[in-house]
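Full structure from sequences and hints, please.
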Amino acid sequence: MPQRKSWVYYNDRLSRYLFISSAVLVSLIILCIIWFVGMQGLSTFREVSIIEFFTSSKWSPDSGKFGALTFIAGSIGTTLIAILLGGPLGLAGAVFLAEIAPPWVRAFMRPATDLFAGIPSVVYGYVGITVIVGLTGRLTNSPTGYGMLAAGIVLAIMILPTVISLSEDALRSLPRTYKEASLALGATRWQTIRRVLVPAASPGILTAIILAMARAIGETMAVQMVIGNSPRFPDSLGSPTSTLTSNIVMEMGNTPFGSTWNNGLFMMAFILLVIALIMIILVRTASRKGAAR
Amino acid sequence: MKAHQADRFATIMLWIGALSIVAILIAFLTLILGRGLPHLTSEFFNGPDGVRGQLFNSFYILFLSLVLSLPVGLGAGIYMAEYAPKNKFTDLIRLSTESLASVPSIVFGLFGMIVFVNMFGLGFTILGGSATLALLNLPILVRVTEESLRAVPRSYREASLALGATMWQTLRKVILPTALPGLITGITLVAGRALGETAILIFTAGMNVSRIPFDVNPLAAGETLAVHLFAVKSNPLPGTNADQIADGTAALLIIMVIVFNICLTLPSRWLQRRQLGKNKM
Numbered sequence: 001m002p003q004r005k006s007w008v009y010y011n012d013r014l015s016r017y018l019f020i021s022s023a024v025l026v027s028l029i030i031l032c033i034i035w036f037v038g039m040q041g042l043s044t045f046r047e048v049s050i051i052e053f054f055t056s057s058k059w060s061p062d063s064g065k066f067g068a069l070t071f072i073a074g075s076i077g078t079t080l081i082a083i084l085l086g087g088p089l090g091l092a093g094a095v096f097l098a099e100i101a102p103p104w105v106r107a108f109m110r111p112a113t114d115l116f117a118g119i120p121s122v123v124y125g126y127v128g129i130t131v132i133v134g135l136t137g138r139l140t141n142s143p144t145g146y147g148m149l150a151a152g153i154v155l156a157i158m159i160l161p162t163v164i165s166l167s168e169d170a171l172r173s174l175p176r177t178y179k180e181a182s183l184a185l186g187a188t189r190w191q192t193i194r195r196v197l198v199p200a201a202s203p204g205i206l207t208a209i210i211l212a213m214a215r216a217i218g219e220t221m222a223v224q225m226v227i228g229n230s231p232r233f234p235d236s237l238g239s240p241t242s243t244l245t246s247n248i249v250m251e252m253g254n255t256p257f258g259s260t261w262n263n264g265l266f267m268m269a270f271i272l273l274v275i276a277l278i279m280i281i282l283v284r285t286a287s288r289k290g291a292a293r
Numbered sequence: 001m002k003a004h005q006a007d008r009f010a011t012i013m014l015w016i017g018a019l020s021i022v023a024i025l026i027a028f029l030t031l032i033l034g035r036g037l038p039h040l041t042s043e044f045f046n047g048p049d050g051v052r053g054q055l056f057n058s059f060y061i062l063f064l065s066l067v068l069s070l071p072v073g074l075g076a077g078i079y080m081a082e083y084a085p086k087n088k089f090t091d092l093i094r095l096s097t098e099s100l101a102s103v104p105s106i107v108f109g110l111f112g113m114i115v116f117v118n119m120f121g122l123g124f125t126i127l128g129g130s131a132t133l134a135l136l137n138l139p140i141l142v143r144v145t146e147e148s149l150r151a152v153p154r155s156y157r158e159a160s161l162a163l164g165a166t167m168w169q170t171l172r173k174v175i176l177p178t179a180l181p182g183l184i185t186g187i188t189l190v191a192g193r194a195l196g197e198t199a200i201l202i203f204t205a206g207m208n209v210s211r212i213p214f215d216v217n218p219l220a221a222g223e224t225l226a227v228h229l230f231a232v233k234s235n236p237l238p239g240t241n242a243d244q245i246a247d248g249t250a251a252l253l254i255i256m257v258i259v260f261n262i263c264l265t266l267p268s269r270w271l272q273r274r275q276l277g278k279n280k281m
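These protein sequences, in sequence, are chains F and E.
Residue numbering for the first sequence follows the working numbering, starting at 1 and increasing by one per position.
Residue numbering for the second sequence follows the working numbering, starting at 1 and increasing by one per position.
Everything labelled a hint here was simulated from the structure, so no lab data went into it.
As the structure is a computational prediction, the values presented were derived from the model and not from experiment.
Label pairs and their in silico Cβ distance ranges:
#1 E:Ser155 / F:Leu31: 35 to 43 Å
#2 F:Arg13 / E:Lys88: 18 to 26 Å
#3 F:Phe108 / E:Ala151: 19 to 27 Å
#4 F:Pro199 / E:Ile12: 21 to 29 Å
#5 F:Pro256 / E:Glu147: 41 to 49 Å
Heads up, the beta-carbon is just placed ideally off N, CA and C, and yes, glycines get one too.
Here it is in structure tokens:
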């Protein structure tokens, strides 16, 4: 009976092949992206030395200087500020939601944090320009306020939902017995959180932080709108500078496709792509460590 | 006693942390809506600088990107949940889905620019923008599909297969209908994210809007609302009321996000209730 080649059998076969080919297509797409962006970006090094690109902060394509260190430093700096501000706050929110919040507070706060994730990044940039830049201008005594601190604050808010939801999931997936054992030994709730729950959930919390960093370093529009867009090395928190992403947006439109300048911008995108892929591998090792425990 | 004081202090600090998170959100919403809502007049939509075209393009590009990404995303998700054996090949596909999910959107934008704008020579088009946006949707669709199918109890599959149904029949008649609430939530999530996407569309769909109202030509350039907000805020044209347009556009985007978030919870709850009702009978 199952051997009879009826249309039911063919449909089953056909759908199976369709599903497999969809899955293969998804893999092909990421390979294509790495290949195309990588080839375009790496062709920069036919005319620019690798050492210059990564160690010089002189970026003036008109006079043939292609040092991208300013942008790399800007990206790393803003990401670090974002993690330092948003990480602890997000973690506090996650601990609160998982351990302290009464059910009705949680029922209200969980969708509220999801709303953060839905706000488009240009709207974050818009709020950055209208409010946060004025604030950072006063904090850093700079005339405009555009710069790494403004970008870092905007990013810190943008990564909150990632940190909160993933850390809360990690805390909630711990066996109840951990908490019960600790409380039964006479530990207070805070001691239990600090000595038992957070350490036990640390692989998941680490994953949350890494993914938040990946989001922060790749974020484009919001950062471009508040960073100031000057190709100056970021030597202070409140002076205008640039990041990898913001510089791509600024200069992509003015450069002919295939020129060294244009290729240099593709190389910056390729750096971002490689960083994202490294983060994914880190997340995988972190979660595997968690599973091994 | 010291431990108890520390406990009380920590509890207060955690409450303050949580309240400040909520306060930031409320400040965002009141700021954006307070500044923008007064500008949302019919002039704002239909006037000479009106955003009617951008609003239409936003939904048109969203629709096309979903048409392009749904079949592949669902297919790959179904494969991962129902068919995939535990081997290297499955692991590779999972790794590539996760990697695709972590690709910054500007990299998608540049990729789309190489492929659609330069290789195919289309220039900035709605079609190129939608196709590139579809790549952003894909990994989320795969994950959401896989998760909602895995949430369907094993016994449903076993019962259906034991009755002699093929895998395809089981999928179509049993698994997919049961997983529908989860799938709808996931698709709304993807749509909400795609609606606000900017970095991809600047490089693929461009920053021009068609002069013909409701132009469905997929080979025209199509500026969306989010791109418009970026354009008027970062390069304000002198002599226009750019600030008012920006305020109104931001408010409109936020309203769209809130509506999507409500849609996220309502239909899936309703479907779930209907199914539970059915099962009881």
